[in-house]
Amino acid sequence: MGVLSDLEPKKVFYYFEELTKIPHGSGNVGRISDYLVSFAKERNLEVIQDAVKNVIIFKEATAGYEQEPALILQGHMDMVAVKKPDCDIDMLTEGLSVAVDGDHVYAKGTSLGGDDGIAVAYGLAVLDSKELQHPRLEVIFTVDEETGMDGARAIDVSMLKGNRLLNLDSEGEGIFLTSCAGGARVKCRLPMERKETEGFVCELTIGGLLGGHSGEEIHKERGNSNCLFGRVLWSLAEKMPVQLVSVQGGLADNAIARETKAVLLIANDFDGCLEDLRMKIADELAVKDPGFQMSWKRDGRRQQVLAATVEDTRRAAAFLHVCPYGVQGMSADIKGLVETSLNLGVLGLTEQGDGESGTWTLTVDFSVRSSVESAKEALIGKLAALTGLAGGHYEVTGDYPGWKYRADSPLREKMIRVYQEMYGAEPKVEAIHAGLECGLLGSKIKDLDCVAIGPDMKDIHTTEETLSISSTKRVWEYLVKLLATKD
130 MGVLSDLEPK KVFYYFEELT KIPHGSGNVG RISDYLVSFA KERNLEVIQD AVKNVIIFKE
190 ATAGYEQEPA LILQGHMDMV AVKKPDCDID MLTEGLSVAV DGDHVYAKGT SLGGDDGIAV
250 AYGLAVLDSK ELQHPRLEVI FTVDEETGMD GARAIDVSML KGNRLLNLDS EGEGIFLTSC
310 AGGARVKCRL PMERKETEGF VCELTIGGLL GGHSGEEIHK ERGNSNCLFG RVLWSLAEKM
370 PVQLVSVQGG LADNAIARET KAVLLIANDF DGCLEDLRMK IADELAVKDP GFQMSWKRDG
430 RRQQVLAATV EDTRRAAAFL HVCPYGVQGM SADIKGLVET SLNLGVLGLT EQGDGESGTW
490 TLTVDFSVRS SVESAKEALI GKLAALTGLA GGHYEVTGDY PGWKYRADSP LREKMIRVYQ
550 EMYGAEPKVE AIHAGLECGL LGSKIKDLDC VAIGPDMKDI HTTEETLSIS STKRVWEYLV
610 KLLATKD
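The sequence shown finishes on residue 616 if you use our numbering, and the numbering steps up by one all the way, no holes.
Hints listed in this document are in silico derivations from the structure and should not be mistaken for laboratory results. Please note that the accuracy of each hint is not assured.
[What the hints assert, rightly or not] Listed below are the simulated PhoX-like cross-link pairs for lysine-lysine, each with C-alpha atoms no more than 25 Å apart in a straight line:
(1) Lys324 to Lys290
(2) Lys417 to Lys213
(3) Lys426 to Lys237
(4) Lys615 to Lys543
(5) Lys259 to Lys573
(6) Lys237 to Lys324
(7) Lys464 to Lys150
(8) Lys557 to Lys349
(9) Lys324 to Lys349
(10) Lys324 to Lys212
(11) Lys543 to Lys575
(12) Lys237 to Lys139
(13) Lys290 to Lys349
(14) Lys290 to Lys259
(15) Lys324 to Lys170
(16) Lys390 to Lys212
(17) Lys557 to Lys213
(18) Lys237 to Lys150
(19) Lys426 to Lys390
(20) Lys390 to Lys213
(21) Lys557 to Lys587
(22) Lys316 to Lys390
(23) Lys140 to Lys150
(24) Lys237 to Lys557
(25) Lys543 to Lys557
(26) Lys390 to Lys290
(27) Lys587 to Lys139
(28) Lys464 to Lys615
(29) Lys290 to Lys615
(30) Lys212 to Lys464
(31) Lys150 to Lys139
(32) Lys543 to Lys573
(33) Lys417 to Lys390
(34) Lys602 to Lys140
(35) Lys464 to Lys557
(36) Lys140 to Lys587
(37) Lys417 to Lys587
(38) Lys324 to Lys426
Work the whole structure out from these sequences, hints included.
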């Protein structure tokens, strides 16, 4: 008996729990894709699985709905797989440990994958039902949305008959999303000369931060541990010789970094400087991100270690310190909507050479977003210019278009009407700064009419992620009513 087996709607939570048993972080979607194919074949449903593991499942209209417009349901099967430092779950090979706390489902020690496992669960529950009334359904489950929308980029949808798409990748009940920002990943690389050097080793940790989705929470000005590390490193480099031995921060380019750990070779009189910085940053984040912590420990012995040179460490520190972060512009058309932003999600130091000589590479991965294409290009250009000045190179990957608002939308009008009938209230029709696959799918499906919805979720892409049980039930009831409502 499952942990979620007593929750309603039973089929939705059954399939959601089944999905949590299968590792499905971005780039690790083979098993969950094959599970979806087996599901379809067991029910004699037509199914297509492509080379990158996208899955499309078809179900014909129920009696009396043959003349209704076909409806595309869509979500992605991958999740941002992150865990707490003390969690011993191997997210590449093991499932999650789900639990219930009041009205919320969460995973012990890890992210939950409600984004976008709940969309997959809704889709499977609809496809499995013999009671629901509905038009022809074309259900798309894409891969690797969280790391650049690679599945939506690669998928062939030429066989689809529908041009109405209900995207189930939203996190706010009663909010109908009708446009979103475009984005890209920018990978900056700085070569760093290394050599054997003697000095005092300092282990530095910046953590305790809230983190969050870089599209959903970027406007909240939470601390980013990678950016804070750049500030700290620059402050030290301004005052004394310091050399970088190692650094690792953040888990995904589209997640606000919560923890960064570094090893530095440093002078023996740095405690006062670090304590001063710790107090200043804690004061700045006291309201926005009150859990901020910065700690350090040093070995009192002088040691011989491989470290980046003083000059290259200072150059890297300058680059990290001056790189833009966070909201870069607000929309002039929609009050309160972020137009342009970027997030320094992943920071690392990789080794090249024979292990004793050669170079290291500082890897700095950004997620750039904007609802204005030219602004997105300009921000990417700024990162390119800064990388060039720092003697490095860059690469742009996962570039995806924004999703433009459609003034004439029969699907949106029908959804509003059904919502009003059920709840006697108007839904909110909004745009979102986070990226959705609707823009890419719209470039492949002629005259695509699209709306995105979903149940209430909090702190997606973090170990504090929760999914509302009552909201999941209401959104399911709305979906069932929508499917049964004829034009």
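Hint by hint, here is what the structure shows:
| no. | hint | result |
| --- | --- | --- |
| 1 | Lys324 to Lys290 | violated, 62 Å |
| 2 | Lys417 to Lys213 | holds, 21 Å |
| 3 | Lys426 to Lys237 | violated, 30 Å |
| 4 | Lys615 to Lys543 | holds, 9 Å |
| 5 | Lys259 to Lys573 | violated, 31 Å |
| 6 | Lys237 to Lys324 | violated, 42 Å |
| 7 | Lys464 to Lys150 | violated, 41 Å |
| 8 | Lys557 to Lys349 | holds, 21 Å |
| 9 | Lys324 to Lys349 | violated, 41 Å |
| 10 | Lys324 to Lys212 | violated, 34 Å |
| 11 | Lys543 to Lys575 | holds, 20 Å |
| 12 | Lys237 to Lys139 | holds, 22 Å |
| 13 | Lys290 to Lys349 | violated, 41 Å |
| 14 | Lys290 to Lys259 | holds, 22 Å |
| 15 | Lys324 to Lys170 | violated, 58 Å |
| 16 | Lys390 to Lys212 | holds, 16 Å |
| 17 | Lys557 to Lys213 | violated, 35 Å |
| 18 | Lys237 to Lys150 | holds, 13 Å |
| 19 | Lys426 to Lys390 | holds, 12 Å |
| 20 | Lys390 to Lys213 | holds, 14 Å |
| 21 | Lys557 to Lys587 | holds, 18 Å |
| 22 | Lys316 to Lys390 | holds, 20 Å |
| 23 | Lys140 to Lys150 | holds, 16 Å |
| 24 | Lys237 to Lys557 | violated, 33 Å |
| 25 | Lys543 to Lys557 | holds, 14 Å |
| 26 | Lys390 to Lys290 | violated, 51 Å |
| 27 | Lys587 to Lys139 | holds, 22 Å |
| 28 | Lys464 to Lys615 | violated, 35 Å |
| 29 | Lys290 to Lys615 | holds, 17 Å |
| 30 | Lys212 to Lys464 | violated, 35 Å |
| 31 | Lys150 to Lys139 | holds, 17 Å |
| 32 | Lys543 to Lys573 | holds, 23 Å |
| 33 | Lys417 to Lys390 | holds, 22 Å |
| 34 | Lys602 to Lys140 | holds, 11 Å |
| 35 | Lys464 to Lys557 | holds, 14 Å |
| 36 | Lys140 to Lys587 | holds, 22 Å |
| 37 | Lys417 to Lys587 | holds, 17 Å |
| 38 | Lys324 to Lys426 | holds, 23 Å |
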